[in-house]
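Whenever a hint applies, use it, and build me the whole structure from the sequences.
Protein chains in written order, with this note's numbering: chain A, -15 to 163; chain B, 792 to 1221.
To be clear, the hints were calculated from the coordinates, so they are not data collected in a lab.
Ideal Cβ positions, reconstructed from N, Cα and C, are used throughout, including at glycine.
Incorrect hints may appear among the rest.
Restricting the straight-line Cα-Cα distance to at most 25 angstroms, the calculated cross-link-like pairs of lysine-lysine (DSS-like) are [to be verified]:
#1 B/Lys964 / B/Lys1200
#2 B/Lys947 / B/Lys917
#3 B/Lys1053 / A/Lys126
#4 A/Lys68 / A/Lys126
#5 B/Lys1200 / B/Lys947
#6 A/Lys139 / B/Lys1053
#7 B/Lys1046 / B/Lys1133
#8 A/Lys139 / A/Lys55
#9 A/Lys68 / A/Lys141
#10 A/Lys139 / B/Lys964
#11 A/Lys141 / B/Lys964
#12 A/Lys55 / A/Lys141
Beyond 10 angstroms from chain A on every Cβ pair, some chain B residues (computed) [to be verified]:
#13 Arg876
#14 Gln918
#15 Thr919
#16 Ile935
#17 Met1073
#18 Gln1089
#19 Ser1107
#20 Glu1119
#21 Asp1141
#22 Leu1160
#23 Ala1162
#24 Asn1174
#25 Gln1201
#26 Pro1206
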Amino acid sequence: MRNLLFVAFIAAALVGCSSTPTTEAPVEDHGTSGATAPGAGGAQTGGAQGGNVSGSQLGDELHNPSSILSKRSVYFDFDSFVVKDEYRPLVEAHARYLSSHPNARMTIQGNTDERGSREYNIALGQKRADAAKRMMVLLGAKDGQIETVSFGKEKPKNPGHDEAAWAENRRDDIVYAGE
Amino acid sequence: MIRSLRRWLAVIALSFLPFGIHVAEAQLSIEIVGGAGTAIPIAIVPFDAEGTWPLSISQIVAADLQRSGLFRLVDTSGIVPRPVRAQDVEASVWRARNADAVVVGSMLPTPDGRADVRFALVDVVKQTALVQMGFTVAPAQFRITAHKIADIIYEKLTGDRGVFSTRIAYITKQGSRFQLLVADADGYGPQSIVSSNEPLLSPRWSPDGTRLAYVSLENRKPVVYVQSLETGVRRAIANFRGSNSSPAWSPDGRKLAVTLTKDGGSQVYLMNPDGSGVTRVMASQAIDTEAMFTPDGQSLVFTSDRGGTPQIYRASLLGGQVERLTFEGSYNVSPRPLPDGKGIVFVRRDGGRFQIATLDYATHQVQVLTAGPNDESPSVAPNGKLVIYESQDGGRGILAAVSMDGRVKQRLVAPATDVREPAWGPFPRS
Chain A
-15 MRNLLFVAFI AAALVGCSST PTTEAPVEDH GTSGATAPGA GGAQTGGAQG GNVSGSQLGD
45 ELHNPSSILS KRSVYFDFDS FVVKDEYRPL VEAHARYLSS HPNARMTIQG NTDERGSREY
105 NIALGQKRAD AAKRMMVLLG AKDGQIETVS FGKEKPKNPG HDEAAWAENR RDDIVYAGE
Chain B
792 MIRSLRRWLA VIALSFLPFG IHVAEAQLSI EIVGGAGTAI PIAIVPFDAE GTWPLSISQI
852 VAADLQRSGL FRLVDTSGIV PRPVRAQDVE ASVWRARNAD AVVVGSMLPT PDGRADVRFA
912 LVDVVKQTAL VQMGFTVAPA QFRITAHKIA DIIYEKLTGD RGVFSTRIAY ITKQGSRFQL
972 LVADADGYGP QSIVSSNEPL LSPRWSPDGT RLAYVSLENR KPVVYVQSLE TGVRRAIANF
1032 RGSNSSPAWS PDGRKLAVTL TKDGGSQVYL MNPDGSGVTR VMASQAIDTE AMFTPDGQSL
1092 VFTSDRGGTP QIYRASLLGG QVERLTFEGS YNVSPRPLPD GKGIVFVRRD GGRFQIATLD
1152 YATHQVQVLT AGPNDESPSV APNGKLVIYE SQDGGRGILA AVSMDGRVKQ RLVAPATDVR
1212 EPAWGPFPRS
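Given below as structure tokens:
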């Protein structure tokens, strides 16, 4: 009889797998939410460069595979936060986009390879995100348009354990609000 | 028998795997891979009437003591009649088996369904009973009682407080599923505290053992949460612009140190456990993170690259002086203060290998405890004698533990699971 009860219990427990975080009891979030979360694009005003900036046009530019704006990753050397010259055009393009679309918002997500302390890597990833942001602000983007966050080593693009994987993981990823 | 029921549990849980549902909790199994040079030979005689109960207290006691690496179990078979009380123990018999100590006991039922648990610890060299004790407990408390008995024996024979009654928190990753779990120190009974599709890290016990702080990436950025273990209710206490991470409790449980990037750069702040009262501790142009309170509550040890490479520093919370602590090598991080206040455990990188080491404040001596190459996230047991940490085995994350003299080594593994970020819980409140 106890075996049957255990079966029922296990079945009930396993069925409860969901995609959002679960805790033992109902989650109540009393967050100190000072985050400037990227807005969903905001109101449409007349385009700074003449012409209408409609929602679909915003989408096209950013996702057109032949546009540099569809490229979203900047890669870094080991122990480095310097945006290498080869990525300047990419950073510049996104900066110009932000500059000409004052309501656009982005998040730059900094990442590291898998070596070393998780918390120190959160800080390193943050430094990489901040480096790209600094360059964009110098090139015309507004500070309030860019949030920088870090995933440290927690979200690798490449799960491997060699130099090639590490190089792919030392990166900033650019994500626009609403994506 | 509880063992066969647990086997049923495992069989039934595994049979659901083909449907894409995996085992809810990852059970840790712990093995000794290195013992102290001079282990104390001890005989744990099965307790009288033990077999009539679903749980054998003497078996848990024996497993605890053996797992500590400081004891060697002596064969108890073939002694007839079985000794039950201190006066039943014939010293010559046990000396002949090279035992230094013998534990005997009984678990006699009481009329109300509980057990009258009695045990004696006998020193067969000095031929004296060192401890004689009894507890009347319900079967639901047998496990806790066994750990308590093991703690008493451990303390009597080693002089140090035992940690068999403590719990550990740890994080598992199975595919894209992350869980924060809490289990007994022997790996028994893992409870899922948080379950998520995004990474979790940095679990930290409140000093009273009732709450866990941790970092979650579920909001697409690092956010610090504090969650009650009893109710499961949690609060996001640090969700500022940028990244919020590295929570650490003050010894009195009234403050947390956290790393925030809201003012540009990773810097250390203090706040109340509800997220209010945010104050900045230091201001530097560098990365400051991994702050931990010293046991006297008066300083923080932390990681900073203000000197060019990540090193460990100590900042006084009273006067604000900052002192560098590590000078060897170019990568010293993750400081964890020792409970006696005399130094820290930390992680160093040496020739590309990440290792666990200790630093003594007075002598400035660094002692390397592990070989690496990928050892990190250490957590010190509350008696200051063992360090649990994250290691790798064949590309998979495991936990390991090592004694402060580097001799006792344990491996803690869960099947088909990456295990990481252990946090050793405090002594239970008595």
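Please list, smallest to largest, the hint numbers that this structure does not respect. none
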